[in-house]
Every structure is written in structure tokens, then in C-alpha cells.
Amino acid sequence: MFYREAGQFRTTYEADGQILPIRQDRIALLATLAVAAVAVPFMASPYMLSAILIPFLIFALAALGLNILTGYAGQLSLGTAAFMAVGAFASWNFVARVPGMPMLLAFVLGGLCAALVGIAFGLPSLRIRGFYLAASTLATQFFVIWCLTKISWLTGGSASGVITAQRIEIMGYAFDTPQRKYVLVLLVVALMALLAKNLVRSNVGRSWMAVRDMDVAAEVIGIRLMRTKLLAFAVSSFYCGVAGALYAFAYLGTVEPEAYSLDLSFRILFMIIIGGVGSILGSFLGAAFIVLLPVFLNIAAHGLALPTSVASNLELMVFGALIIFFLIVEPHGLARLWQIGKEKLRLWPFPH
Amino acid sequence: MKLLQSIVLGAVLAGAIAPAFAQEQFVALPSYRVGPYASGGSGFYGGIIDYFSLVNAAGGINGVKVAWQECETEYNPSRGVECYERLKTQRGGATLVEPLSTSIAYGILDRIPQDKIPMTMLGYGRSDAANGKVFPYVFPLISSYWSQAAAMVKYLADKNGGSLKGKKIVHLYHDSAFGKEPLPVLEALAKQQGFELVKIPVAPPGSEQQAQWLQIRQARPDHVILWGWGVMNSVAIKTAQRNGFPREKILGVWWAGSEEDTVPSGDAAKGYTAMSFNTPGNYPVMDEIRAKLYKTGKGNLSDQARIGSVYHMRGVTAGILFVEAMRTAQEKFGKGKPVTGEQLRWGLEHLNIDAARQKAIGAANMFPTVKTSCEDHEGSGAVKVQQWDGKKWVAITPNWIVGDRALVKKLIDESSNRYAAEKNIKPACMP
Numbered sequence: 001m002f003y004r005e006a007g008q009f010r011t012t013y014e015a016d017g018q019i020l021p022i023r024q025d026r027i028a029l030l031a032t033l034a035v036a037a038v039a040v041p042f043m044a045s046p047y048m049l050s051a052i053l054i055p056f057l058i059f060a061l062a063a064l065g066l067n068i069l070t071g072y073a074g075q076l077s078l079g080t081a082a083f084m085a086v087g088a089f090a091s092w093n094f095v096a097r098v099p100g101m102p103m104l105l106a107f108v109l110g111g112l113c114a115a116l117v118g119i120a121f122g123l124p125s126l127r128i129r130g131f132y133l134a135a136s137t138l139a140t141q142f143f144v145i146w147c148l149t150k151i152s153w154l155t156g157g158s159a160s161g162v163i164t165a166q167r168i169e170i171m172g173y174a175f176d177t178p179q180r181k182y183v184l185v186l187l188v189v190a191l192m193a194l195l196a197k198n199l200v201r202s203n204v205g206r207s208w209m210a211v212r213d214m215d216v217a218a219e220v221i222g223i224r225l226m227r228t229k230l231l232a233f234a235v236s237s238f239y240c241g242v243a244g245a246l247y248a249f250a251y252l253g254t255v256e257p258e259a260y261s262l263d264l265s266f267r268i269l270f271m272i273i274i275g276g277v278g279s280i281l282g283s284f285l286g287a288a289f290i291v292l293l294p295v296f297l298n299i300a301a302h303g304l305a306l307p308t309s310v311a312s313n314l315e316l317m318v319f320g321a322l323i324i325f326f327l328i329v330e331p332h333g334l335a336r337l338w339q340i341g342k343e344k345l346r347l348w349p350f351p352h
Numbered sequence: 001m002k003l004l005q006s007i008v009l010g011a012v013l014a015g016a017i018a019p020a021f022a023q024e025q026f027v028a029l030p031s032y033r034v035g036p037y038a039s040g041g042s043g044f045y046g047g048i049i050d051y052f053s054l055v056n057a058a059g060g061i062n063g064v065k066v067a068w069q070e071c072e073t074e075y076n077p078s079r080g081v082e083c084y085e086r087l088k089t090q091r092g093g094a095t096l097v098e099p100l101s102t103s104i105a106y107g108i109l110d111r112i113p114q115d116k117i118p119m120t121m122l123g124y125g126r127s128d129a130a131n132g133k134v135f136p137y138v139f140p141l142i143s144s145y146w147s148q149a150a151a152m153v154k155y156l157a158d159k160n161g162g163s164l165k166g167k168k169i170v171h172l173y174h175d176s177a178f179g180k181e182p183l184p185v186l187e188a189l190a191k192q193q194g195f196e197l198v199k200i201p202v203a204p205p206g207s208e209q210q211a212q213w214l215q216i217r218q219a220r221p222d223h224v225i226l227w228g229w230g231v232m233n234s235v236a237i238k239t240a241q242r243n244g245f246p247r248e249k250i251l252g253v254w255w256a257g258s259e260e261d262t263v264p265s266g267d268a269a270k271g272y273t274a275m276s277f278n279t280p281g282n283y284p285v286m287d288e289i290r291a292k293l294y295k296t297g298k299g300n301l302s303d304q305a306r307i308g309s310v311y312h313m314r315g316v317t318a319g320i321l322f323v324e325a326m327r328t329a330q331e332k333f334g335k336g337k338p339v340t341g342e343q344l345r346w347g348l349e350h351l352n353i354d355a356a357r358q359k360a361i362g363a364a365n366m367f368p369t370v371k372t373s374c375e376d377h378e379g380s381g382a383v384k385v386q387q388w389d390g391k392k393w394v395a396i397t398p399n400w401i402v403g404d405r406a407l408v409k410k411l412i413d414e415s416s417n418r419y420a421a422e423k424n425i426k427p428a429c430m431p
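These protein sequence lines map, in sequence, to chains A and B.
Okay, so the first sequence: first residue is 1 according to the UniProt record's numbering, each after it adds one.
Okay, so the second sequence: first residue is 1 according to the UniProt record's numbering, each after it adds one.
Honestly, the hints are just simulated from the structure, not real lab data.
Misleading hints may appear alongside valid ones.
[What the hints assert, rightly or not] Lysine-lysine pairs mimicking DSSO-like chemistry, simulated, CA-CA at most 30 Å apart:
id, chain 1, residue 1, chain 2, residue 2
1, B, K423, A, K150
2, A, K150, B, K249
3, B, K332, B, K65
4, B, K391, B, K298
5, A, K150, B, K409
6, B, K426, B, K371
7, B, K409, B, K133
8, B, K392, B, K298
9, B, K168, B, K154
10, B, K295, B, K371
11, B, K270, B, K154
12, B, K371, B, K65
13, A, K150, B, K191
14, B, K238, A, K150
15, B, K335, B, K133
16, B, K410, A, K150
17, B, K409, B, K426
18, B, K392, A, K150
19, B, K410, B, K392
20, B, K332, B, K359
21, B, K154, B, K167
22, A, K150, B, K332
23, B, K410, B, K168
24, A, K150, B, K335
25, B, K65, B, K391
26, B, K335, B, K116
Just so we're clear, the structure is a prediction, and the values are computed from it rather than from any experiment.
Could you build the full structure based on these sequences and the hints that come with them?
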């Protein structure tokens, strides 16, 4: 009834090529963004902001990075957390060692360092693919963490290897409360999500998808495999690097190798599997699912007055069962469910 | 939907009842009872809760009951920060937090002074937090890693007739923040006392150590310090046996000195020594916990065989320290009403649990005398050495050992002042 495109005519190429062709979608997205940027910082409690929304946005950004590589370019990776670690440690080092380094520039430089590491560890993708590539990106995970624990220069000579992230200060304005941190993270993530959305709709994105679907055919039609694959690694690692820097500076407040364990790589992989492989929206839905569900289950178990040991095991069981359920019922993830819902809404109330 | 409704309803009800909790002293327990470190977490938090239950059963602290809430962290820093944020505003606000994890403690270190919630780090974490002028809200109570390392060297020196000159000591450590923490002290002492320090890291979690023990056998050290955690400990003990390395020469850190480390190693662990800040044995307070809680089904541990185990007793010790701090704070700020986080911070800074007080609690000589001040948030620094006799831990040093306090103090001041300079903190005692 409300969700119909009757009467919306597209008469120019620009109108036809916009990100959201249906007016209702555009309004909904703008409204969501407005609420997220204006209302949420005032309405949400500090707990909501600093423990739920900030990690949700940061994980969404990391999932976006992995989705570019795995979902769009078809290169499996298990090194996401390592790229995040490179971004975090590089940003920390830039701020600590270069006097007067602007924070945002440090994040960008951290992302660029991660992109360089991504390119280096993306090189095997030119020869191997699929599970073999996943195993070789696993090397990134171990190598980077090993480097960070071994080379004390990277951690500023700290005895324990754990360093405190500097205060985020941009042009004399300190981002030290949950509200301010949230707004900063939201801005960065929204901007980068928009960029990613446009990137995958462009020439580059189409060549990624061509490589993903069949790389031999892509090569035959003139796509340069090496450049395309390495670009996917670079862009993906850049996103992960920025996410890692935000994770350290805006969420944890510390920079340490153990926070970027293999476990985190897997969690981000689950996010894109559950959210939807090859979908920008899916990265956000998946991140929300993985961040919120354990918290929700934990609170529910507490509300039902279960003993803590039972509650935490129950949490693991429900979580595992839900993942299996989603994989069986909707292998394309939550984003696909949303898409189906939208299609049904467009036909409603007269389905055929 | 039903579930959601009942949760929303529950939350609303909890909000409505909240004022009724006003006579409670609320403690946040970001605990872990699943995952690779569950054995430590469940015993430790079980001990804290058992002691709180015991105090509440006796009417609380001057009538104020202790309230607590757990939140599962799985020892994961990210979940730990979420738990801390969730718990800190519950039931009118948390007044104390104990995460039992170095990474989680680091993650919330900057938040606690802002929230005015004191954090204890019982036997772990940042050793330099003992300087209360820089870390007013952090309390590495009883003994930090640096005090432990200094005491280890003192014990080994005593064992070798007072001097370690020309000896060789291997530091076999968990390659993480936890394993690297004692290095400044060990290095300084190696230079001072003239022994050779060989550092051998083990990649976490430490389930494979063949190469390391071959290296140790080649180095032929006089002693091996085992700075391990979780699964690493029993693997080390078993691998040492397989390589023919005598267990008597291995000295474990206190996180490598529990039943969970030795029982899985079987006979290989017999004769193995480890540090402790608790004296193993039985105490009136433990009997009371057995009689008043476990007999009536109110105990926290599901496995009754673990009552009085190393981790459980360490939790009871933590509970005693927390309750004593609450009592101390009430004496200053008014008896019979709960104290705020700031007031409890004062209580933690003015603890004085001497032998007489320990006896009154029913825990005589269970842990060293703890007397804190603004300059010394540790309050003791004394430790014991215990040995596994094949069935239980036995203390082999009748007296408490204290290492080179002056050296530790110097390192604490250097390191904490560096932190203060980085963070623009003006070191000062809080009133």
C-alpha cells in the first residue's frame, strides 16, 4: 500500500542510476541516518552508545571490508583481524611518533599501511584460490600478530606489549565522551559505506564480480586479473585497517595484539555469512546480529534468573543453532531476507 | 514476541524495584565460566560469591547486604568492556569491579576514574598501578607480578645459599602481556645479582612446547620459572617429564599453581613448586562456608570437590578484602549505609587486615597482612611457595617471602610516572 512505486517515473540516466531507485527507500534511509546522527546521541544511554552501537558500527565497517574481498571479489580471507591490527598499530605509531599528526590523517595512514600489507599477502591469490587462499591468508593472521609481539619498536617499547590508545582530538576538539565517539564513528562508517556502495556499482566493482563469478572468462573479456585482485585486497584491507584503528581508539581504548585474534577474524566472517555475502546492507545486518545476539541472550538469561554458568553455555548453544538455522533456511543471509520482504511488499496486497 | 515482552516487562519491573535495593552495596563481577580459562574464572568468582553469601547470611556489613551481578566475558576484552558498561549502572551503580583479566582491566583502565568505580587486580595486571598517586582507582591488592618476580628470585637465592651468582635461570613464559610483565624486574635482578637469564617464549595458548623444552635441556639451567596460564601449565609439566627435566627445579607463577594445573599432569606434577599468595590448608571460614552454604544448597560451585581449592580460596580472599574495604569505608563515612564508589576507594586505600583481624574472620595466616596507603596500593607484596605432593598443595615456606621491595618501588615509580606524563596526570594523593 505505502510501498509502491506507481507514479515514480525515471526520465534521466541519473535518475535511473541512483543508489536507491524507489522514493520510499530514499526517505527511509535519510530518516534512519537523521535519527542515527541527531536523535540517538541524545536519546541513547552511555551504555547503549559505548557498548552496543560503537562496536556495532566498527564491526560493520570491518565486515564491509571483508565483504568487498570475499563477497564481491570472491577471494576468501581469514586474515581480517590481522589487517585491523595493522591499522590500529600503524595509527598509534603515527600519532606517537609524528608530532602534530592529525587524528583523522593517522586513521587514513593506518588504513593505507593495512592496504600495503593486504597487497603483499594478496599476492598468492594470483596463483591459488578458494580454500587454499583462505589457508594462505591465515598466514597473515599469524605473521602479523607474531610481528607485533616480537618487534617491540612497533609497540613503542612497552614491556607488556599493551599500549593505551591516545585521546582522539580533531582540530582541538576532544572526542572523549561516548556521544562524541559515537558521532565520529558514525560519520566515518557512513562515509565509507557510501564510498563502498558506489565502488561496487562502478567499473571496478563489476570487474570484481566478474572475477568472482569466473576468473578465466573475466580474463578473456579483458579484465586484468592481477590488478583487479590486488585492488580488491588493497581496498578491503584499507577498510579493515580503519575499522581496526577505530576499534582501538574509539572502543577498547587500548592497542594490543591479543584483541586481534583469529577468533575476531572468524566472527567477522560469520557476520558476512549471516548478513549476506556480496551485499553492503548485509555487512550491517550481520554485524548487528553478531554484536547484539549474545548481549540479548545474556540479558534474557539474567531476566529468567538462570545460573551464570548455564546462561553462558546456553548462549553458545542458541548462537550456534541460529547460525545453522540461517545457513539452512537462507544461505544468502539476512540481506536476502530483507530483499524478499521488499519484493513482497511491492506486490502487496495482490501477490501473484 | 512473548519472550521480548517478558524481557521488556522484566526490565521495567527491575527499574521500578530499583529503589528497594538502596540498602545494598553493589559489586560488578565481569566473570567467565566458559572458554579456555573457565577453570580459573569459575573457582575465583565462585569464591567471591560464596564469601558474599556468607556475609549476607550473617546480616551483612553493619546491616548492609552485598549485592552482585555477573556478566560472562569469556576472557574476551571486547565482551569485557561491554559487560563493564552494562554492569556499572545497574542497581544504582557499581561500587567495585574485578575483571580477573589483564586485557579487560587495560580496556577499562581509562574509564574507571571517570566513572569513579575502584577496580581491584588481585595478583595480576599493571604492577605499576601500585602507585596510588597516578592510579587512584586501581588496586593490585596483596601482590603484583613485579613483587612476585622479586620474591621468586629471593627464594631461589635462599635455596642456593644466599647467592645466584653464576647460575642460569630460564624464564619460560606465555608470549603475551601477562608473560612479559615481570621482565623488567627479572632483568634488573639478573644484572644486580649476576645470574644469567634465558628468556624462552611459548606461543599462546601453549599446547605445544617440545621445541622449548629441548632448548631448556640444552641450556642446562639451574632453575626454570614457569610463567604460564591455563592449558600451558599442564603441558609444560608433562613435557618436562618427557624430557627428563626434574620438576623440583621448576618454579611456577601463581596462575600455574592450582589443582587444575597439576591434577591433569598426574604423577608428572609430583614435587612441582609454584608461588601463591594464599597458604593452602583449611580455615574456620572455609568450614563455615561448607556448613552454612553448601549444606543448605546455597553454595556457588557446582562441584563440591573444588571447595577450598586454590582458585576458590583465592576468590574467598578477594571477597574478604572487598568486605573489609566496605567495612573500613563505612567506619569513616557512616555505619549501616552503603558507601559510594569514591568512598569505597578510600576504604581500599586504608585497608589494614592484620593477624588479629584475620583471626577474627576465621582466616588466620590465609594471606599476608594487607595494609594499603596512597603510595602503596598493593598493601603487602608478600608471597609463599607451595609444592604439589601428588594429592594436594603444601606450603613449603612457613614464613611470607618478600623480594627486593626497594627495586620494585623504583621500577613502579619510573613506569607510573611515564604513564602520568603520557596521560597528563598530575600525580597526587586523593583525600
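Here is how each hint holds up against the structure:
no., hint, verdict
1, B/K423 x A/K150, "holds, 26 Å"
2, A/K150 x B/K249, "holds, 28 Å"
3, B/K332 x B/K65, "holds, 18 Å"
4, B/K391 x B/K298, "holds, 27 Å"
5, A/K150 x B/K409, "holds, 28 Å"
6, B/K426 x B/K371, "holds, 25 Å"
7, B/K409 x B/K133, "holds, 13 Å"
8, B/K392 x B/K298, "holds, 26 Å"
9, B/K168 x B/K154, "holds, 14 Å"
10, B/K295 x B/K371, "violated, 34 Å"
11, B/K270 x B/K154, "holds, 23 Å"
12, B/K371 x B/K65, "holds, 25 Å"
13, A/K150 x B/K191, "holds, 23 Å"
14, B/K238 x A/K150, "holds, 27 Å"
15, B/K335 x B/K133, "holds, 28 Å"
16, B/K410 x A/K150, "holds, 26 Å"
17, B/K409 x B/K426, "holds, 19 Å"
18, B/K392 x A/K150, "violated, 38 Å"
19, B/K410 x B/K392, "violated, 37 Å"
20, B/K332 x B/K359, "holds, 23 Å"
21, B/K154 x B/K167, "holds, 13 Å"
22, A/K150 x B/K332, "violated, 49 Å"
23, B/K410 x B/K168, "holds, 25 Å"
24, A/K150 x B/K335, "violated, 52 Å"
25, B/K65 x B/K391, "violated, 37 Å"
26, B/K335 x B/K116, "holds, 21 Å"
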